[in-house]
Amino acid sequence: MWNDLILTLQDANTQWVLFGSILLGIASGVLGSFALLRKQSLIGDAMAHAALPGICIAFLLYGTKSIGWFLVGAAISGLIATYFIQTIITHSRIKEDTAIGLVLSVFFGFGIVLLTKIAQSENGNQSGLDDFIFGQAASLVGTDVKVISGVAIALLIITFLLFKELKLFTFDRQFAKGIGLPTGVLNALLMTLIVSAVVIGLQAVGVVLMAAMLITPAISARYWTDRLDRMVIIAGGIGALSGMLGTILSSLASSLPTGPVIVVAATLIFIFSLVFAPQRGLVSKGLKLYKLRKEVARETVLQSMFDLTETAATTGGEIGFSKDDLVERRPMSDRKLQANLAILQKEGLITKTSVDLWKLTSKGAIESYEITLNNRLFETYLMYEMKFANLQLVANDSWNYKEIPSRTLSELKEYMEIHDRTPKLDPELFAAGGIYSDQSDYQRREVN
Amino acid sequence: MNPVDISNVTVAYDRKPVLQEVTFSVPEGKLIGIVGPNGAGKSTLIKAILGLVPTASGTINIYGKSYRAQRKLVGYVPQRGSVDWDFPTNALDVVLMGRYGHIGWFKRPGKKDTQIALQALDKVGMKEYANRQISQLSGGQQQRVFLARALAQDATVYFMDEPFVGVDAATEKAIIALLNELKAQGKTVLVVHHDLQTVKEYFDWTFLLNKRQVALGPTEEVFTIDNLQKTYGGRLAFLDQQVNQPFVQQ
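Chains as they are written, first to last, in the numbering used here: chain D, 235 to 682; chain H, 99 to 348.
Worth flagging that the hints you see were computed from the coordinates, not collected in a lab.
Model, not experiment: these values are computed from the prediction.
There could be a bad hint or two in this list.
Taking lysine to any residue pairs in the SDA-like style, the calculated list, with each CA pair at most 25 Å apart, reads [claimed, not checked]:
1. H:Lys128 to H:Asp220
2. D:Lys411 to H:Val124
3. D:Lys411 to H:Gly179
The following block holds chain D by itself, in its conformation from the complex (with noise of 0.2 Å):
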């Protein structure tokens, strides 16, 4: 297989076409970035099967083959389905949506009618017109791939100067008409960027599935970064590592066509972005969660601790509580507070005084004190949120009262105060050991 491969890669033919579909790839992954944003995936896929009539009745005019008219045909066709869309939209009550598949699918229909009529004239067999449904680059010749490329070449370099304004121009149209912009000449220039990407793919990647190779790596990219010049950058990428296996492949076993492949190793590579990206993929969302949960947990049942020996403390009962105390505190399934108390335990949090009886430890005691500190200042704070509207950026992040500017604290802590929530536990005291009877549990700890 690999001598298949490297025989393969020496062919000159073949040389031409990787480079082809791995500019064509590039192209579309840019202006598929662009498309995505401004939700016309859609739009990419009626341009594509819009095009199939196009190119036939380039074919029927011009008598063979030629990529250049069927460029013109197949963007001639894009644009009247484009208009007819527009139409049904404006002056009916259906919705885009219904109107690009009701479009789409009428010149599809109409294109594989005017398919089959060449195919069945008498040069029909030779005009290879048939791969324009599911793509294969292998029938590229050396002036396709000179087209293809050099009209890629000039899309990224026109999205290359105009990168500021057609940035603007997706994310605010009326920012950007407000500040002088031609918004109608940017929208149609877009348009015609996305379509001629479209187009220039038909031949390699097919009718049927170039509207995934204008979304997939865009989508996929999406994943990766917040910053749209990275985005286009990484969906480029994606696209030329996709066009390129899918050549690859489908040039090793002759039958196999380009397109479908092409498609399946983008897919790959967006349920790889999917699933691995950081921060947005599905496992690293799934690690967070898990985290938080187990946070929480903990900090809820220190925090029913410290409530615990809080009430004991003040009110001359026993130190050292059972899991139904903590459980009446804050509800919590047996299983998870077994488990969180084995880890208190193992970090010295808690100390069992028998055999199902718990204390906090002098550590431990400090800690679930400035959690009980932290949550009651947050519930405060909640409690007279317009007298604290400067705390406002604060708050949206993440609670934290060591953030807070000390006077803001102080005024915090008198409405604390006002409220009996101050914590009555001092964590020195605790520390000391002074309100535990059992003085030499604490003691025999502290030698450890």
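Chain H: place on chain D using the hints.
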């Protein structure tokens, strides 16, 4: 010369008039509230001034010339809901868009533009959020970013479309403080506003609008029960006639 001069402006969508023969001039250095019921054409008025919707008739001048000629004098804050906040960009980048009108075609924003943008973010209390993805900002913070973008435009007349909708109390206070600062610098600010309770507190001048203009002038003269009834029709209930505090029932 007046910062904004409008005479006989009519705007219609599909022959249905949204604004009818609106004529007004606002003096320099004022904070002006544009007030009226839903569908009164408040946003449309701003959009017509900025050339975002076509006018059926009338003339619009910014400092005596057409908007086209005076574009760099104008700053604009669109409604927050008008964009997709999941767009892959950060706060600083959005504010930098305010510089695009000054930068010109093909060029990228330079160091000076970045500096101006950072200053604008600092002014709205969002400097620490410069590199934050915009979808991770709260509604109030997003509004501040939009405001900072308008500041980065470095304009003399500002148009703001409902900057107080869906923002927290802190942001509302911060925005008002900033608007007053702009006013103190001699700039003119026109704000589409929804909340009648705060009109007296916030604006020097008030423009009451319901498709046609009802009244324009200093708030204490114009913001009267009589005028409000003309603007809102039967939709107003007055809680307390004495303090002249209107309450909208819609």
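What's the verdict on Lys411 of chain D and Gly179 of chain H, does the C-alpha distance respect the 25 Å limit or exceed it?
Satisfied, since the Cα-Cα distance of roughly 17 Å is no more than 25 Å.
Within a Cα-Cα threshold of 25 Å, do Lys128 of chain H and Asp220 of chain H meet the stated pairing?
Holds, because 24 Å separates the two Cα atoms, which is no more than 25 Å.
For the pair supplied as a hint, Lys411 of chain D and Val124 of chain H, is the alpha-carbon distance within the 25 Å limit?
holds, 24 Å
The structure fails none of the hints (numbered hints given earlier).
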